[in-house]
Structure formats: C-alpha cells, structure tokens
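Okay, here's what each chain looks like letter by letter:
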Amino acid sequence: MGLIPIRCIVPNDSGADCAGDCQELFSSHLTCTACDDAAGTCHKCSFEFRCRVDFDELAATNTEEFKTTNHIVTSKDLECTSHTGGQVQACSFLHEREEVDAHDKGVTIVKMAKGQKLEFTCVGRMGIAKEHAKWSPVAVCAYRFWPETYLNHAALAALPVKDKQALVDACPDRILKLDDVTGELGFVEGFEYLCTYTEDLDFAQRALKKRPEDDDFVRVAQGDSKFIFEVESSGAMDADQIVLSALKVLGRKLGELQTHVTAIANELAN
Amino acid sequence: MDSFDEFVQNSMQELVDDTGSLRVSPNVQHTADYDPDKDYAEDKVFEVRLGQVYLAKPTNVEKDQSLTKIFPHEARLRNLTYHAPLYCDVQLRTYSNPEGLNANADLGEPATTEAANKVFMGYVPIMLRSAFCVLADKNDQELCELGECIYDQGGYFVINGSEKVIVASERMSNNHVYAFEKKADSKFSWVVEVRSRVENSTRPASTLFIQMYRKGGRGSIEGNQIRTVLPYIRTDVPVVVVFRALGTADDRSIIEHVVFDLEDGEMMDMFRPSLEEAFVIQKQDVALDFIGRRGSAKDVTKEDRVNYAKGILQKEMLPHVGVEGGCEPRKVYFLGYCVHKLLMCRLGRLNEDDRDHFGKKRLDMAGPLLGGLFRTLLRKLTKDVRGNLQRSLDAGKEFNINSAIRSNYITSGLKYSLATGNWGDRGAATKAGVSQVLNRLAYASTLSHLRRCNTPLARTGKQAKPRQLHNTHWGMVCPCETPEGQTVGLIKNLSLMAYISTGSAQAPILEFLEEFGTENLTDLSSPKVIADSSTCNVFVNGNWIGIHRDPEKLVTTLRESRRAVDIEAEISIVRDIAESEIRIYTDPGRICRPLLIVKEQKLVIQKTDIQQLQEASESDEKLTWNHLLMRGIVEFVDTEEEETTMIAMDPKDLSADDNYSSTYTHCEIHPSMILGICASIIPFPDHNQSPRNCYQSAMGKQAMGIYSSNYQVRMDTMAHVLNYPQKPLVTTRSMEFLHFRELPSGVNCIVAILVYTGYNQEDSLIFNQSAIDRGLFRSTYFRCYVENEEGSKAGLSAERFERPALDTTTAMKHGDYSKLDNDGLVEPGTRVSGEDILIGKTAPVEHTQESRFTRRDASTSMKITENGIVDQVLLSTTAEGYRFTKVRVRNTRTPQIGDKFASRHGQKGTVGMTYRQEDMPFTAEGVVPDIIVNPHAIPSRMTIAQLVECLLGKVTIFQGCEGDATPFSEVTVDAIADRLHAMGYQKHGNEALYQGHTGKPMNARVFIGPTFYQRLKHLVDDKVHSRARGPTAMLTRQPLEGRGRDGGLRMGEMERDCLITHGCANFIRDRFFTSSDMYRIHLCEVCGCVAHQDLKNQTLKCLSSACKNKPQTICQVDIPYAAKLLFQELQSMCIHPRLFTDTRKTTDEWSTKAPQ
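Those protein sequence lines, which keep their order, are chains L and C. Position 1, counted from 1, in the first sequence is what the UniProt record's numbering calls 1; the numbers after and before it change by one each time, with no gaps. Position 33, counted from 1, in the second sequence is what the UniProt record's numbering calls 33; the numbers after and before it change by one each time, with no gaps.
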C-alpha cells in the first residue's frame, strides 16, 4: 500500500495547479510538532484514506458476466476523508486529457471474487525517502555530460569508406553517420543526447590506425561544463516540482550550514 | 510411482499367493481340563488358505468407529496416515486325511470348506497420485478443491502427517557372472562370483565363488587349480568334484561343458590342473560324499551325507537356475559357463568385470522395497495365525478366521518402516534412512528429492571408484547433482529422462524364444555346438536358457516386437557379439532412458508426428508417449543395451557429409537430458566450471520460492515463501517441465560487477536499500506449533486446552498468557513474540490438601528468538480422538545485512551493505543496480555462464522475450553480443557508470545487466545470537550450548591455544573459570577435607575424624564446579581427594593482597 504514489494538488504561487508539497502544507511525520492527539497524527502531518469495496454489491448493479470474473480493487477505490489544504488523491499516471480514453485502472491492490468484501482505512503521512523508498517521488534520475567531440578530417579523408562504415557501426549509440553523397563522416543530429561513452569507438579506431600513436579519427569524450539532467517522477509530484523543491531544500540546507559555520567561526573568534 | 502400482496391483497378490496355505493338525494335550468325550478332531487337518486380495480406497476410522474417506491434505493437516485397508479372501478347509501335515502333499477334496470373504488384513499406506490414490484421476480444479497443489506430482506417502519419500537404493544386479582379478598378495589369481537369487523369494542371495589358485612356488606341481565355495560348505571344493556330484562324471563331458571347443589346446591346458586335482574322485556318489563331509552335519552315515550334499547342490547352489529336482544338467551348463569365463579371463581373452558399471546396478524403488517388507510382515502374520489356530484346536475350541488375523502386523509394520526409515522388522536393525521426510524448501528440491538414489554401505570406504562418475552414468544420473562431503558420489540423482524398469514376467519371453528357434540347453546333443561361431548363447535375467543359431534374426524380431510393444517396452535386449551372447533382461530396477530410433541414417520420427505431439489437429488424436513407443519412434534403452547401440548426439550428425558413422541405431532426444532436476535450472551449465554446477545444484535446494501452490492451506513446521517471485528471464527448455516458471524461486535483479566502497569484499554483496523497500526479495516465514490433548494416564482425567488459571495451576511458564482466548488458543491476527504462550494446555495433578494447585501447566510457547503474527489456527482431532491443534505463525523477512543470496552459478554471498538508490552508481539512462557483486568472484571460479546469463538477460529485457539458455545448444556469446549491439548497447554489456556519492563518471566501463538471484534460507535473523549471562547446565553448572537455549559461545581448544600464546592469563581465567562454573567451597587447612557448613549457626567446621573437636583453620577456595563433581565421583569410588592450600609470597602486590 505504501508504494502507491499519492498526489496533493494545490495551486502554486502563480495560481496554477501543481502536484507536490511545494507550499509545505505538510510536515514530516517525524518532525511534526502540531500533533496533539494520542495517535500522534494530525492534519499537518497525515490524512486518511478510506476504501470500501463489496463484490456482491457491485455485482448487483453490474452485468451477469461480471459475477464470473474477478474485480480488481485499485488505488482509484481509495477515497480521501481528511480535509487538508489541497486535494489529496492516489496518483493517476495520465494527463487529464488522456484519462478519458485510456483505460487506466490505477494501481492494483487486490483481486476479489464472489462473496468477498474489503473495507479499510489507511493513513497517509509525509516523510522523506531517506527513511523508506516509498516517500521518494523520483522514479529515475540520471545525468550525462555534454560530449566534447572532435573529428580529424584530415585523417578521415584518407580512410576508405569501408572503414568509415566500420566506425559508424562500432558505436552502439549510433552517433555517427556517413553522408551518402560525399562519403563524409559526421555526427547525427542530437547525438549529444545519445552518447553513453562506451569505449567501442576507441577500440574500433585503434584497429584502423596504422600506428598506435596516430591521432584519433573521432573523439567523443565527456565534457565537464555542461550536462543533461533527467528526472522521471513516480507520479507523486511533477517532475519540475521535484527539481525545484529539491533545489529549495538544498538551498535551505546550505543556508543552515552557512549560519552554523558562521556561528562556530564567531565562537572560535571570541 | 509405476513401481508402487506394480506392487499394489501385482506383487502383493503374488506374495499372498506365494505364502500358500498353512496346515495344522490338533495336537491335544492331555491336561487337567481334557475332556475325553469331546471330539478334538485329532485325525483332521485344517488348512488356512489366503486367496484374492482387495485394496479399498483410502479410508480412516475415527474414534467413534465411523469410516470416512480420507484425502491426502486432511491426512497432512491432522497428522493422520494416508492409507487404504487391505482385505483378503480366506478359506478354512478341513481334511480328514492324517497324512496332510506335509505341506506339499495332495489332500484330495476337502471334507468341509469354510470361506471368509474380505477379511481385513491391515492398512497399506498409499503413494500419492498412484493408481490407488484418490487424486489419481483428478483435474486441476478438483485438486485445488481438495487442497492439493496442482503441480504436486505425488510419489510420496503421508505417514502421521509427514510426507515420506522412499529413496531408491542402488545394489549390484543378481545372477550376473562377475570375474575379478585378485591382487598379487591374494591366494587366488582370478575369482568368478555369481550372486544367485530367485525372483520374488525371501531368501537372501546365495553367492557362489569359483576361484583359481595362483601358481605355487617354483617347480611345484600345484597351481592354477580351480575350486568353488559352496554355501554351507566349510572349505572350497575342486570344481570338477562339483561337476561330478552334479552327475557329469566323466572327464570328457566336463571338458566339453567347460571348454566347449575341444580344439582349444590353450584352454585345455589351463583346465588340466583342476582335472588332475579331482582325479581321485571319479564317481558321483564319491563326489557327493566328498562335499557332504565338508558340510556342517557331523557323525552321520554316508547316505545322510550324500543326501545332504544333494540338497545343497539342488537348493542352495545357483538357486536361480532351479531348485527343483532334475535341474542338474542346467546347473552343469551354468557352472561350465562360469568356469569358462574364468579360464577366458585367466588366458587374457576377456577383461575383468567393472564393478562400477551402471548396467550391472539395479535401483530398488518403492515397489520392491515395500514388497520385501510386506513379505516379512505377511510371514509374521501367517505365523501368528498358525499359532492361533493351533492353540484353539488344541483346546478344542471353535476357530474364527476373522479374529485370528490380526490386522496390526501389517498396519504398524508398514507404518513403522515408512515413518522411521528403518527398513525391516522393528528391533532388528536393517537398512536405515530408506524413507526420508520430503524436502519442501523449494519446488525443485522436492522434485529432486523424489528422484534421489542412495548407495548403501561403503560410506566409510576410502576408495574413490564407486563415487566417481562412470561412463555408463551418461543420461541416467546427473553429472552435477551430488552432495559434497562424505556422501559425495554415493547419493545420486536421476537424470530428467531416466526411467527405472518396474519388472515384467519372463515367461512370455521364454515362450517367444522357444517359438523363434532357441534350442534349450537340456536338448543339446553335445555342448560342443556352443563353440560354433554361428551359435549364440541366450540368457534371460542372467540365466542361461539355450543357444540360437541365427542371433541376428532373433534379435531383430525381438527388437521389432518390443518396438511395437508386443512384448513389454522396458525389456532390454543386449546382443554381445564379442562374446556371442544374447542377454535379455526383464527384472525390475534397471535404469533406462528413451532414445529416438534411427533407421537407415534417418530418424523414424517425422515432422507430422511432432506436429501431432504438439497440437492435435482435428482429425488426429493427440499423440501420447505410449503412441511413440508403439509406433517405434522412441524406445527405452537400459545401460547395458546402450553399449550395443550407436547413438548420434544430434539429428544433424545423421546426415552430415563427413559422418562419423554410417551405422547409427539411435539418436539422443537432447543432450541436455543428461542433467538432473537441480542442474536443469542452471542457465548455460556448459559454460561453467563443473564444481560450480555442483554447488548450484546443492544451493538451488535452499532457495526460497513458492514451494507448493497450496502453501496457504498447508501447515508445515517451517516454510519460507518468497513474496514477489519472478520467472527467470533466461531459461532452459527443461524448466518448462519442472514448472520453474510457475513456481519460481528467485528474482531477476540488475547486477553490476563492480568494486564500490569496499563493502562487497570476500563474496559479500551490496544491495539497493530502495529496491528492498519496494519489496525486492521480501519473504514470509511460517512456523507451525503442534499440540494435542493427551489421554488419561493412571486414573487422572485427561489434559485439556484452556487458559491456565493463575491460582490453580502450577509450573506456569514465563511467557505472556494474555494472548490466549477462552478456548486456550491464540486468535489469528495476534502479534506474538518472545516466549508468548500460543497454546494453553493443562494436565491434572494429584490434588492434596496443602496445595491449592489442581492442574499443571503444559502450554506451548513461541521460540524465544522468533516473533510474528498468528496466521492460522487449526483445531481437529487425532486418530485416537483427542483434540489436536496446529498454530501457524507468520513473519515477514526483509533482506538485511547478513542474509544469504546466490546466483544460479554457485556464486553465493551475504549482504555486506545496503545503500539507498541515491548512493548507488547509475548509468546515463538512470539504471541503478539492485546488487553489486565484487569482480573478484569471477576469475578464479570461472563461472562464465553467469556473465552469459547476464548478457542474454540484457538482450531479453530490451527485446521483450525469454532467453534460451539450454546447454549444448547453438547459442553463442557472439550472437548474443550482436543482438545487444543492435539494441543500441555496448556489445559485451559494459556501460559507463556514474559514482553515486559524487556523481563523477567512473573510469572503467562496468558490466551490468539482469541476473536471476535466489534468496537462500540462511537468514541472519535466525542466526544472531549473543549472551552476557544466562542459563547453565544442571549437572556441570557450565553455560548451555546453542542459540535456541540462549547458550554461550564456546571457547574451544583452539581459541584457548590462541589465548595461551598471547599470554593473557587473567582473561583465560575469566573465560574458563569466573564466567563459567566458578564454585566456592570451604576447606580444612589441616586435613584438606571439605569443611562442613552449618548454615543454622553460621559456622564452618571440619568433621573428619582427624580434625574433629580440635582447633581448626578453615579457608575458602574457588574451584570449577566440574572439579567438585570430580571429587565427589572419586569419593564414590573410595578415593578421597584432599586439597591443601598454601600462600605463596610473590613480588606481585595484587596477589599478596588477595588472600583474606
């Protein structure tokens, strides 16, 4: 259950709806100071979902065929019963416009058959992924460096087409291409986004070189000034919000560090 | 399973028939209550004859005598036995013939016949899914409704709720003539052995030895003479004497029987010493007397001796040839054949027999084993019936058959042997470990257990030969799967397609042979014809039947009729051209395997057959295995016949231009069929170093998975279930038949082979904590606690389940009783831990006036180290009708540091560190490994297959298919690499990774991809243990041993040696004394005796006669409690140890201060 991504939709500063706790409506369940009841939960750090599915009830309103199959209880059957600052719901992976046609049934929780009934309430809390991966809004996060490239035109010109083709074929990323007309070697469009920096190209040209100390025909190396950063969201927050709030948190932490460092420096000075 | 069916359907009836009848005549005792007027029927003979046996469907008798059908699942849950009642028709005949006590005499018509139909003889445990099992003809849904696993293949028994497998045991085959060369220091140069055993007899094999003596010293006349060792004869007898005793008296015919070819001067010369030795005995009766003299009977007449010798020759020597009168000529032929073989070997024309040849081995399966057991039990039963009959007749009472047959013998005898594994009578230690508890750790381990094969004896023997893989094991026994250690090579596992023959009657074969012109031995004009090159000796089950003049034709017709299943398909036909013999075997226990038949360099199987096999078109019926056998497409070939075939490894070899052979007779179905169950799970085992496959075969049995699809309704004492198992990306084709996809035991993980932070050294692994959080390798552990109410003992009322009341119950445990319901059981869903009480039970105690206690606590508590949630509670009754409960506790186990994992290549390791996703290295696409393995695990172990699996796995995830990793197939690494390259990845699976902590690119490219990993059952949670103080043993007062008892950690001899070399004396004293069994006693300083301690007056005094009433000085010393025990023990032997103390002055300040 914990792995079902939950979205909280609130209007952001500019008025547009955004998912994620950009306004810091919630505080972490570990640090929440507003809790006063015995359960240790409050509106500031938690909310409740209720789910109630009765197969027989559904069957009564459904077709005959329905009775012979299973019903799948999904995250869509979760219903938020708490009143919080925003609209809290189990996330849907589709854009609103797509949702109508697509048959997104949500995340499967359990399959049920005739005579079965499921009823439960669950508590959603805010936390950070350092404690458990279920709080991570990030599915995939990766980055790669912008390539620094170099084509040794002089050397390439002396290379037969066959060998050039070998170079093109060697790279699994397919970043090179051979011009059909001129027979010149070049990079494909947008190759910067394809580079994975395998060493296949190096090995291939090493075989083509007359002497090992000859200059490379092509060089593709990882640069150090520019990089491509990719984030894929799990659905709990929008990807841009993830980056923004991550930067915000990072900024705050750095700020704290700075104040502490200054404090210590002052202490030492005194 | 076939073997068990054979037992139930045929051999049980045969055994009962063999028992024949028992005849009793009244033997009236003229005692006090002898009534002369009563008719004691002294002249009558009573005969009890057992007839047709019937086996009903499995049933169970409840306490209230109600008979109910029993299903295996119920038997498992309620700790019952899954068995069926056996009934037998019995006839009691009365003859008025006083001669009748001779068992074989014909009594003519009985005077009266009293028949009792279907007398209950006892219960026979039923093998699951055998023909007599209720599950035999159920489909998947019905199985499900009965609480069975649909993938369960049966083949085991349920005895008292536990599943028992009968492990096949290996033995040498009977009736085979073995020739062995003896070592130089032996008296003999060559020995021929025949273990002769009549089929279906209770008698143990009688072994006949024929030995050739070595040439004596230089110039000695003696030497090279051949003698035999006969059963019950003390010394060895010259073989020629035996020939003469059997009625072949003259030298010429003996030579004809032995040498066959009288032109063969060399062999004649070799046989001459034997003839010369027996020169003095020329007549049959002299020879018999010679043998009889050496028998056990003493001081008897010559006539007796001759009869005794005749009896031995008829009954005890070579019984498989015949035990009836008039079989002597056949025995002469057989003996001649044995001597011939000996001479051939001696002359170097034949080689020594290979003891480890698998063709000469037989596997005893459930059928023959149960048959043997049943036979002894039946004998016991008949003995008892005879005793009963005799007793009631002697007393002149009416005889009731129904009550005379006590069902207990068979019921408890079979149950006892199956439950304990001690095969044979209770008490008489015979074979142990024949039946074992079925391993239910993983589905593969269950399957493999059912196909296990044990070699008894020779376990201590150091010789390596029987443990080694033999050429003839090909296709029969898995080359990888065998345990390591003392039983290596002795415990084997059958290959996937290996089949054990169930045995069939040899009579049809004999008839067949007769029909096709086999000349019977006894009809031969002269044994000389045997020497003709065109003739061929025909053997059936090791017995020499006769000769045939056109062996080629005979073998072809035999083979053709076998291929049409006119004679049993499992009969083996061996044509040994070199020795000009045809050997036919029909006995049970031969190891066979199916092969595709090749005719004229072409497979008999056609494409249409294969299509029909795969999917029946509307017009054709679906082909089954029997069709294949019947159409002569495949046939079973046993290990011995295999040696007379030419087998192509691949159909391609048949048509190859440069073909190796043009006389192929068979073709392998697939070479990967040589592997067993566990080895078939390994992808690309042909790319691994051999021991690694062996390790994986052992480890696959410890992997968690779904061991059975009905695990939720089963109540196993311990069970691990993997929560999110996956079918492997890279599979072998055999897996399909092992249901490994349906009941997998692992997860496909992204594995990087990489050095990262150093927490994966020495076979440890780095795990992705985020992946673990998301459910990777999460498993559930079930443990079952069993308790039942015992019956009343010695006048006290019975035990009962209840919540023990604190005020009336004595001997209450530490645990928490509050979790019990009013019925004395915990409620499902309760969280339990530590020593919580799960089942409350009390037993009555003798109530006395002083004590307020009426009951004693007999509750069951949890294991101290475990915790969990009560999953299910079962309340039922035992067979005796007592209430009986099983409580199952469930516990979720998430992977943590210290848990054990393994790939499918014998690469095991424990978790050394878990890192969250953000600290793991990642690729440019954001792929993060789940597991990081240290590269040092690869080179020395040479598990190339793991790398290939990973590479192929990577291809399959991008192409969305399953990878085929069947061994000995055409797949090459280059082909896989090219496919991967085409998908836009580096050919060999290497990728550029970024360091997780810093984000910097790593210098080296890293091999990363999906690999199937297994979680092994060894979890830290079950192992962590530490103790500061705790319980001690009652006797020695030393700390207990073992985690379950909260024991200490042993400081052993080697650890002690370590401490001594370090010189830390105080620490040694602390470990071995202070923290162990320190004990304080008081001594009299004068006499050295232990002082008497008067606790009431707080005084200490020495009571020894020397010190009594004299001034005393008492001192206090610490000694180990074990030393105190020693002193007491010595005292009990009238040795009085005295301890004298002394204060020594040392420079050490500490010790001067110490004595007080």
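Calculated directly from the structure, the hints in this document are not laboratory data. Hints are supplied without guarantee of correctness; some may be wrong.
[Said to hold, decoys possible] Cross-link-like lysine-lysine pairs, in silico, DSS-like; alpha carbons within 27 Å at most:
hint, chain 1, residue 1, chain 2, residue 2
1, C, 987, L, 209
2, C, 415, C, 360
3, L, 105, C, 900
4, L, 134, C, 987
5, C, 380, L, 114
6, L, 210, C, 987
7, C, 397, C, 380
8, L, 226, C, 183
9, L, 248, C, 1000
10, L, 130, C, 138
11, L, 111, L, 134
12, L, 111, L, 177
13, L, 162, C, 987
[What the hints assert, rightly or not] Covered by chain C, per the in silico footprint, the following chain L stretches (three or more residues, Cβ under 8 Å):
hint, segment
14, 179-185
15, 203-210
C-beta: ideal position from N, C-alpha, C; glycine also.
Here is how each hint holds up against the structure:
no.: 1; hint: C:987 <-> L:209; result: 21 Å, holds
no.: 2; hint: C:415 <-> C:360; result: 32 Å, violated
no.: 3; hint: L:105 <-> C:900; result: 38 Å, violated
no.: 4; hint: L:134 <-> C:987; result: 35 Å, violated
no.: 5; hint: C:380 <-> L:114; result: 57 Å, violated
no.: 6; hint: L:210 <-> C:987; result: 25 Å, holds
no.: 7; hint: C:397 <-> C:380; result: 23 Å, holds
no.: 8; hint: L:226 <-> C:183; result: 83 Å, violated
no.: 9; hint: L:248 <-> C:1000; result: 23 Å, holds
no.: 10; hint: L:130 <-> C:138; result: 52 Å, violated
no.: 11; hint: L:111 <-> L:134; result: 22 Å, holds
no.: 12; hint: L:111 <-> L:177; result: 51 Å, violated
no.: 13; hint: L:162 <-> C:987; result: 20 Å, holds
no.: 14; hint: 179-185; result: violated (count 0)
no.: 15; hint: 203-210; result: violated (count 0)
When the structure is compared with the earlier hints, violations turn up for hints 2, 3, 4, 5, 8, 10, 12, 14, 15 and for no others.
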